[in-house]
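There are 2 protein chains.
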Amino acid sequence: MHLNHYLDHMFNAESVAVIGASNVLGKWGFGIISLLLRNGGRKVYPVNRKGGDVLGAKAYRSLGEVPGPVDVAVIVTAVKDTPAAMEDCVRKGVKFAIVISGGFSEASEEGARVEREVVKIARQGGIRFVGPNCMGHFDTYTDFFTIPFKNPVRKGPVSIITQSGNSGIAVFAQGWDMGLGFSKYINSGNEADIHFEDYLEYLGQDENTGVILGYVEGFREGKRFLELAGDITKRKPVVIFKAGRTEEGARAAQSHSAALSGSDAVSNAAFRQTGVIRVQKIGDLVDTALALVSQPLPRGRRVGVISMGGGLGVISTDALRKLGLEMARLSPETIEKLNSVMSERWSHGNPVDPGGDPIIYPCIWPLLEDENVDAVMVVGGVGMVGGLTALMPIPDLLKDDYARFMEKSEREMLADLERMMDMMKRHRKPVIAASMVSGSVVKSRVYEKLESNYLLPYPGPERAAKALSRLVEYSEYLGIARGK
Amino acid sequence: MHLNHYLDHMFNAESVAVIGASNVLGKWGFGIISLLLRNGGRKVYPVNRKGGDVLGAKAYRSLGEVPGPVDVAVIVTAVKDTPAAMEDCVRKGVKFAIVISGGFSEASEEGARVEREVVKIARQGGIRFVGPNCMGHFDTYTDFFTIPFKNPVRKGPVSIITQSGNSGIAVFAQGWDMGLGFSKYINSGNEADIHFEDYLEYLGQDENTGVILGYVEGFREGKRFLELAGDITKRKPVVIFKAGRTEEGARAAQSHSAALSGSDAVSNAAFRQTGVIRVQKIGDLVDTALALVSQPLPRGRRVGVISMGGGLGVISTDALRKLGLEMARLSPETIEKLNSVMSERWSHGNPVDPGGDPIIYPCIWPLLEDENVDAVMVVGGVGMVGGLTALMPIPDLLKDDYARFMEKSEREMLADLERMMDMMKRHRKPVIAASMVSGSVVKSRVYEKLESNYLLPYPGPERAAKALSRLVEYSEYLGIARGK
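For the record, the sequence lines run as chains X and A. Count the first sequence with my numbering and you get residues 1 to 484, in order. Count the second sequence with my numbering and you get residues 1 to 484, in order.
These are computed hints drawn from the structure, not numbers from a lab. A couple of the hints might just be wrong.
[Unchecked claim] Cut-off 30 Å, straight-line C-alpha distance, at most; resulting in silico cross-link-like pairs (DSS-like, lysine-lysine):
#, chain 1, residue 1, chain 2, residue 2
1, X, K449, X, K337
2, X, K322, A, K337
3, X, K155, X, K80
4, A, K399, X, K399
5, X, K27, A, K408
6, A, K43, A, K155
7, X, K337, X, K234
8, X, K322, A, K223
9, X, K337, X, K281
10, X, K50, A, K399
11, X, K223, X, K234
12, A, K155, A, K80
13, A, K27, X, K399
14, A, K80, X, K337
15, X, K223, A, K281
16, X, K27, A, K43
17, X, K92, X, K43
18, X, K50, A, K80
19, A, K50, X, K399
[What the hints assert, rightly or not] Ranges between beta-carbon positions, derived for each pair:
#, chain 1, residue 1, chain 2, residue 2, range
20, X, G324, A, R445, 44 to 50 Å
21, X, G68, A, P152, 54 to 60 Å
22, X, E333, A, E87, 41 to 47 Å
All residues carry an ideal CB built from backbone N, CA and C; glycine is no exception.
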């Protein structure tokens with residue numbers, strides 16, 4: 001049976017048993033069963049040697065007692081009990097296991113011995129498994145969650161393979177704040193059976209996955225990774241954060257996931273050749289994915305900046321230049337068009353600064369129409385979301401005026417936003433926004449529309465510029481953008 | 001009269017007039033008068049040539065009509081009307097003006113001419129002024145706000161001098177999210193009269209200011225800045241973000257604040273010699289200030305890391321090493337102590353990873369007691385705030401158990417936090433926390449206590465490590481920490 005068939009079970013199980021399900025708050029076996037009982041529509045069987053019930057559901061003393069078939073078993077037992085649990089799975093005819101338990105090769109020699117034993121039992125019994133020492137997985141399309149606790153997560157096109165459970169959770173937790181949506185999450189753990197590369201191959205073919213993110217400490221099949229990645233990046237982007245970049249970090253990685261990190265420079269070169277987008281932080285995974293799912297790939301490096309105030313223009317220029325992007329030279333026609341919408345105080349060049357007036361969208365059209373501009377970055381107090389007015393205290397006697405003003409302004413902004421998205425598609429130019437005061441963004445209908453189109457502003461021009469530079473990098477790799 | 005006396009007026013005015021106060025939503029003259037009428041307890045006089053009333057307060061047709069004395073005038077008129085407004089101030093005996101209006105030397109030759117005229121009128125009339133082309137100022141201690149709109153701001157020890165209004169606003173907006181408190185904000189604008197250096201000298205002596213932050217595009221009195229800074233940094237930290245670092249950024253800065261940026265490398269060297277902490281982003285100003293107001297200065301670069309999960313340990317190690325900090329070698333006694341609080345699965349070294357158990361505070365005590373450790377960094381799902389349990393779905397039948405569990409856990413954590421703050425003081429070691437899932441931090445009493453002590457976790461180990469490295473840098477400058 002092909003591995004992909006096993007992995008279909010992993011994401012599509014109709015029945016699942018949790019060996020080590022628990023009523024004790026704070027235990028991993030509690031969090032997992034609790035999530036499973038609340039999500040999905042599949043059969044869920046708690047297995048606990050004491051029997052009784054778990055969270056109101058009948059608990060079975062052993063897997064053998066479970067009445068129906070079991071597609072997937074989640075194993076949360078102590079290390080020493082894991083070989084027996086895997087044997088139970090073989091006897092029961094389980095096809096796929098998720099071994100959460102820790103204390104294996106990452107912890108000690110004895111742990112490594114038990115891990116080898118578990119692999120042997122699984123191989124002989126025809127079972128494939130994730131882990132051990134992992135924090136499970138999820139699939140938002142089948143509503144199947146085997147992680148022990150979770151932040152809220154939105155359904156969407158981004159999938160994550162991670163060698164660190166917490167780092168993966170951080171990706172979708174931070175993704176939530178940025179409005180990003182996820183399809184699948186896999187914490188590969190010690191990769192005793194299935195490797196990072198296997199999941200990558202699967203997601204490369206998965207139609208619910210549009211962007212693949214990876215947190216990696218080291219590859220068990222480096223050559224295969226590069227071959228796979230080189231193939232997949234032609235169809236969908238692969239973004240990797242490889243940790244263990246310093247000598248000490250690599251040492252810490254080795255004792256964590258037992259993965260050899262190798263030279264950082266070598267990884268860099270290899271990634272670049274295969275079109276993998278390499279990033280340096282958890283947050284960069286999120287920021288890059290957000291740009292990839294919402295923006296057209298630009299045809300060059302020339303950026304037009306619209307900044308609310310000159311200071312933000314200076315900061316944005318620095319940020320873009322440091323990343324090797326270029327400040328577009330606006331054509332005389334563009335200057336003319338901008339003259340017609342702003343007062344004389346505007347900066348008359350790139351960055352475009354309206355000089356105190358709260359003008360945003362009308363500055364975007366001329367830049368998108370300018371052949372000298374490949375991408376637009378909008379940096380302002382509240383991004384493209386509201387206006388200065390949202391931050392002003394409104395006296396009671398003007399409340400009605402204010403409500404009318406805001407309603408009109410919202411209606412106009414929604415129409416402008418629609419127009420912007422049309423123009424982005426037509427001209428194939430990204431429009432990346434940054435906000436300096438994210439905390440106070442008004443949750444208006446404009447905000448909702450930005451969010452549902454993955455267009456929420458980045459917190460700060462540096463993050464926006466970095467995301468844009470990744471788009472350019474990928475676009476150049478694919479031959480859509482001219483190279484440097 | 002010494003400039004400081006004028007600046008006392010700026011922060012302590014008993015009466016203020018707004019020339020150009022307006023009822024029109026969205027106008028700067030609207031936002032400013034609206035804030036002034038709601039804050040403080042001082043006399044506020046709207047001046048509008050049409051008379052009538054502004055936001056329910058009687059409006060005067062000219063400054064001359066205002067019945068009582070006026071300490072400070074805020075000028076929001078059009079460029080061409082500004083000389084006349086300044087003349088009115090002279091006639092009225094106003095001591096200090098805040099010129100918000102833009103369109104002066106930053107915009108055109110004609111604007112520069114008018115700016116010189118305004119300076120001349122003010123000089124001859126004995127008036128000092130901020131701006132023009134600025135976004136006002138505030139003082140949370142006197143509750144005096146002349147900015148045209150604002151995010152919420154907390155009273156505290158940090159003051160900001162900024163050559164960009166929006167960048168300064170971003171500092172206290174982002175500071176709000178991080179729990180930071182502010183004393184004074186000054187947007188110096190074009191600095192036609194008072195210079196950045198003047199405000200710096202004032203804040204150096206201001207007892208409500210414990211940390212001085214600056215956003216700078218260029219210095220008008222570079223030599224004086226260095227002399228002042230060298231003197232002040234012996235008493236209180238000065239943190240500067242200098243924008244215009246790239247050639248194109250410097251060009252944008254010149255057209256924004258008409259400031260010459262000079263060489264970036266030269267600034268760097270000069271800053272270092274005078275003990276100025278130089279940062280590279282708006283967010284770094286906030287992060288550095290937060291560490292400076294809450295943490296003891298460390299006596300060296302050796303960091304002990306506690307990480308929830310191995311992956312975060314790897315990321316943290318990379319982040320610290322890249323900044324030149326060192327991974328502390330834990331003493332055998334510390335390893336013993338840690339053995340006694342954690343299961344065998346713990347990492348048995350630095351970074352300290354409990355291996356799946358939600359243990360945080362008990363790992364901190366041994367590190368603070370270890371002579372090989374100069375500082376502690378705690379990186380986890382929810383920082384030092386809650387535990388995994390906060391993210392677990394709780395079934396109804398366990399709600400009571402859960403409430404008891406959380407209540408007990410909160411009580412313990414509050415006691416632990418108290419103990420940690422005591423130990424930080426006693427051992428003079430910082431404890432910097434980072435959270436990977438800031439959005440979901442539970443707003444508990446623990447959170448409130450962390451917040452009121454400026455101890456909220458940084459979003460991500462990179463930001464925590466950077467803040468820590470600034471503490472080390474400043475500590476080395478003061479001779480408290482051993483150098484590299």
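Are there hints from earlier that the structure breaks, and if so, what are their numbers? 2, 3, 4, 7, 9, 12, 15, 16 and 18
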